[in-house]
Every structure is written in C-alpha cells, then in structure tokens.
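> For reference, the chains in residue letters:
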Amino acid sequence: DQQVKQNSPSLSVQEGRISILNCDYTNSMFDYFLWYKKYPAEGPTFLISISSIKDKNEDGRFTVFLNKSAKHLSLHIVPSQPGDSAVYFCAAKKYGNKLVFGAGTILRVKS
Amino acid sequence: NAGVTQTPKFQVLKTGQSMTLQCAQDMNHNSMYWYRQDPGMGLRLIYYSASEGTTDKGEVPNGYNVSRLNKREFSLRLESAAPSQTSVYFCASSEVGVYSGNTIYFGEGSWLTVV
Numbered sequence: 001d002q003q004v005k006q007n008s009p010s011l012s013v014q015e016g017r018i019s020i021l022n023c024d025y026t027n028s029m030f031d032y033f034l035w036y037k038k039y040p041a042e043g044p045t046f047l048i049s050i051s052s053i054k055d056k057n058e059d060g061r062f063t064v065f066l067n068k069s070a071k072h073l074s075l076h077i078v079p080s081q082p083g084d085s086a087v088y089f090c091a092a093k094k095y096g097n098k099l100v101f102g103a104g105t106i107l108r109v110k111s
Numbered sequence: 001n002a003g004v005t006q007t008p009k010f011q012v013l014k015t016g017q018s019m020t021l022q023c024a025q026d027m028n029h030n031s032m033y034w035y036r037q038d039p040g041m042g043l044r045l046i047y048y049s050a051s052e053g054t055t056d057k058g059e060v061p062n063g064y065n066v067s068r069l070n071k072r073e074f075s076l077r078l079e080s081a082a083p084s085q086t087s088v089y090f091c092a093s094s095e096v097g098v099y100s101g102n103t104i105y106f107g108e109g110s111w112l113t114v115v
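Protein sequences, first through last, are from chains A and B.
As numbered in my numbering, residues 1 to 111 make up the first sequence, in order.
As numbered in my numbering, residues 1 to 115 make up the second sequence, in order.
Honestly, the hints are just simulated from the structure, not real lab data.
What follows is a set of in silico ranges between Cβ atoms, one per label pair, in the way DEER data are often shown: (1) Tyr39(A) / Val115(B): 22 to 30 Å; (2) Thr15(B) / Gly60(A): 46 to 54 Å; (3) Met41(B) / Tyr39(A): 14 to 22 Å; (4) Ile106(A) / Val115(B): 23 to 31 Å.
Note that the Cβ used here is the ideal one computed from N, Cα and C, for glycine as well.
Generate the whole structure from the sequences, applying the supplied hints.
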C-alpha cells in the first residue's frame, strides 16, 4: 500500500522553463512533507520541506505547494537548470522521524 | 565533514552468504536508519533506531538484523543473502524532534548484488 505516490516516473524540461514535480499521499495523518534530490551514485540530499499548517514554502528557485484537501503536493523549480537533473523523491512523515518515500521522479533538464 | 559514512560501497555476495553493512555518523544524532532503494519502489525503511539502545522494524525487515553499537554506529546484517536483497542500501541519521524542521541525512549508499 503506497502511501506516497509519484505517478510520473520521469519529466523532461527545457533549460530556463518551469519544472513541476507532483506527489500524492493517502494518509491524512501526515504532518510534514519533504523533497529530496538524488544524483547518481550519491545519497539523497534534503531540498525543501513544508509543514501541514502551511500551503506554500519557497527557497530560492524551489517552491513547494501543499493542497491538503486534495492530499497533493508539488515542487516547482523556476528557472530549471541542467544541474537540476536528478531523481526527486517526495517524502512524508507522521509524528516522529520515520519518513515514507515516493518512488521518485527522474528530472532531465535539457540545455 | 564526513556526515554519514557507510561501508562497503560495493559488494557481491553468493546466495546464502552473510555480511554486515557498517554505518557511522559524526553529527551526534540520536536516530539512525537503514533504507533500501529499488527501481520503481523508492526508498523503503528496513530498520531504524530512535535512540542508542533501541531498534525497531520498518517496512521491509525480513532477512535483516541490526545492531546499534553506540550512538555513532548502526550496522545492518544479512544472515543468509538472497537475490531479492540485491539493492542499494542507504544509512541515514537525524536528530530527535518533530517540528524542528529537522531532516534525515543520508550516506552515499552501498551497492549490494546477490548472485
């Protein structure tokens, strides 16, 4: 039973355009959401997060939007750069530090 | 700044062999984790240790054992390796806390192939 779903295995975007990565979740008890970025042969690294009491969080080129009624969050990258090409994992957690991860979306930014 | 260090980075095992993946963190974190990453499955939690002296099962614990040796070290043991355990394994650590915005920090991964 996948509680966190990333339905797009891959996404290709032109450099300078917006990248939108989507994530859906089923458990209404999740109270914190995170995005991780992973390059080949490296461990995932934290990118941005959002608490369930907010609907938007920005950090430079990265913005995460949370729609609790739809149980949906998205990561926007503007403008996209070739160095953003990586696998992006959506993750969610309940009280405590155990995270539930989605399957990941491969982002390719073409120059 | 080592962060989370895991060894070995690559290992090939024969079915039925045993091995231990080692993990150490230097961030004075209380919680440590072992995940496996498989294509199309994302990262799945095998075992975790909320604090020194405690361990708990995650989503996919079967075929694995863990030891929280001290605050810094958390090892993962495969007692009798099976081809289904071919995967990339990630150790991670985090501070204890809920709303402090803390995150989980990952090691670079260990590629394990069971033939």
